[in-house]
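Hey, can you work out the whole structure from these sequences and the hints?
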Amino acid sequence: MRTAFIETLCEVAAANPRVFLVCGDLGYSVLEKFADLYPDRYLNAGVAEQNMTGIAAGLAMAGYTVFTYSIANFPVMRCFEQIRNDVCYHNASVKVVAVGGGLAYGSQGYTHHGVEDLAVMSALPNLVVAAPADPVEARAITRLFAATPGPGYLRLGKAGEPVLHKADTLIELGKAIQLDNGTALTIISTGGMLGTVLSAASELRTHGLSSRILSMPFLVPLDHRAILDAASQTGGILTVEEHGPGGLGTAVAELLAIHRCCVPFFPVRLPRSPIKISGSQEELRGMHGLSVAGIVSSALEIARQSHSGAALG
Amino acid sequence: MPDEVSVASLRDVATTLRMHAVRMLHRAKASHLGSCLSMADLITCLYWKALRINPEHPDDPERDRFILSKGHAAAMVYAALAERGFFPVASLDTYNQFGSSLTGHINSDVPGVEFSSGSLGHGLPIGCGLALAAKRAGRTYRTFVLVSDGELDEGSNWEAILFAPQHHLDNLVLIVDYNKIQSFGRVSEVLELEPLAEKFRSFRWNVIEVDGHSFSEIASALAVLPAAPGKPTVIVAHTVKGKGVSFMEDKLLWHYKSPSDEQLQLALSELEASR
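So the sequences go chain by chain: A and B.
Note that our numbering has the first sequence beginning at 711, numbered continuously upward.
Note that our numbering has the second sequence beginning at 6, numbered continuously upward.
Treat the hints as calculated values from the structure; they're not laboratory data.
Incorrect hints may appear among the rest.
Derived lysine to aspartate or glutamate pairs resembling DMTMM-like cross-links, with alpha carbons at most 20 Å apart [to be verified]:
id, chain 1, residue 1, chain 2, residue 2
1, B, LYS140, A, ASP750
2, B, LYS34, B, ASP266
3, A, LYS885, A, GLU964
4, B, LYS185, B, GLU214
5, B, LYS140, A, GLU964
6, B, LYS54, B, ASP17
With the C-beta cut set under 8 Å, the calculated list includes, among others, these residues of chain B facing chain A [claimed, not checked]:
id, residue
7, PRO130
8, LEU137
9, SER161
10, PHE168
Positions of the beta carbon are idealized from the N, C-alpha and C atoms, including for glycine.
Here it is, written out as structure tokens:
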């Protein structure tokens, strides 16, 4: 995804002289091409995320569309008040890009786990919050962010994620992307869990269950219509995210409650407690149910509840 | 912008601004009067001598940018903007009132205000971004940032203080309102900044120390920009908290207290007598 991001940013910067990239001394072997092509619109602010974000807001106030780039929590949490006050309060055109969201840096330890970012960023005013599932979504959102004024947050994975969408997939601000259209339940995922969700959906078919699959690249604005349709048209909703409480599952639950949608629902997500052991992204996901087997098991439970609810009804 | 403004008329303007601030904070029962008064002469020199701004065209892309980073002293800047014609002086009566954009901490919804602040340590990074944008795009505006001394405790400032000389931001001027009193005590007792000028020099800044209540010293520090080609400039302005009202001068209390009716009259008559 980071390759898709930087390639796309280089493309859009050719046509859009306002695009500016600021990094916090991270991005080795990723950002060099942009720096070489557009030295006047590239800045390494040093290991100083608060200043990096304030500078980005200042550049935006002078007319640039600024992307800040660093890994996991660094461009989000270290400078959170700068994002809140300097960027969001002023509606400045700064797009915060975090590479290695979720457990991408799994074995590096909890400091490098970006697992609360969606919760804190979703609370801010004016901010579009996006977590693409694959390089196709990452490209589309990068283009969208470069072309749209105002603040944004782009949570990327690392590199080498599989392409899951067709290249011509329509990706619009605040819209879910539907991949399968079954009826037994809906599985909604955000960010890099989509591949695992698609594998789980294949396995669910062997259990005789057809799923509706929604990729939800935008946490804010959230596609209310797609979620409410899923609640009324399918047997229940499972949300899947590489994130703790406060993200997709929380947002979907709130929406369902407000609309009095009493449907089977379960959020597959990380616990609130820090992960203090080493492990690959795959291993750490798996131990918290973010695996094909974990998703299948939760989906079967949703289907069981849906079935017994229907029988009771 | 007036080219030549005499020291006498600057002093007169500063007195008017101080009287506005005293009235505004009395009416609103608001804090931070001492912080407003200490920077009154700096604000006067900025708005009546240095800044290339035009109230008729507040959004002119080439206007100078002034960032008040010590946003708690908003009343003084609102008073200056009103007196410079950005909005009616009568609007100052709405300071801190329900429905008014003249909030206690400075608000960029107010005409002429570039940046909303209130949490300390935000203004200088913004100023670095504005100054860098001018450098990169070949633009002519200059950027001025006013910080408090207590605010220099914030690490974000020191990130920016490292940054500005690295990028040769000679179109950036930092002004320190160095009144030596911060929120909970004297700077020397809480977190000593001395030797402050030396710190800035060692961070590769051009340093000018002035008496922050001497119009000729402030005006001359602001007269030629860039003051040192290739380097950002910091004006370390030695000031007195509460300056201009005898019973408020150099008193921590006036970071918090708003004047009583009697203190209001005393303050206004002292200020009037100083004209």
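Now the hints, each set against the structure:
1. B:LYS140 with A:ASP750: Holds, at about 10 Å.
2. B:LYS34 with B:ASP266: Holds: LYS34 (chain B) and ASP266 (chain B) sit about 10 Å apart, inside 20 Å.
3. A:LYS885 with A:GLU964: With a Cα-Cα distance of about 18 Å, the restraint between LYS885 (chain A) and GLU964 (chain A) holds, given a limit of 20 Å.
4. B:LYS185 with B:GLU214: Holds, because 14 Å separates the two Cα atoms, which is no more than 20 Å.
5. B:LYS140 with A:GLU964: violated (47 Å)
6. B:LYS54 with B:ASP17: holds (14 Å)
7. PRO130: Nearest chain A Cβ about 2 Å off; hint holds.
8. LEU137: holds (7 Å)
9. SER161: holds (4 Å)
10. PHE168: Hint on PHE168 (chain B): holds, closest Cβ of chain A at ~6 Å, below 8 Å.
In the structure shown, a violation is registered for the earlier hint numbered 5 alone.
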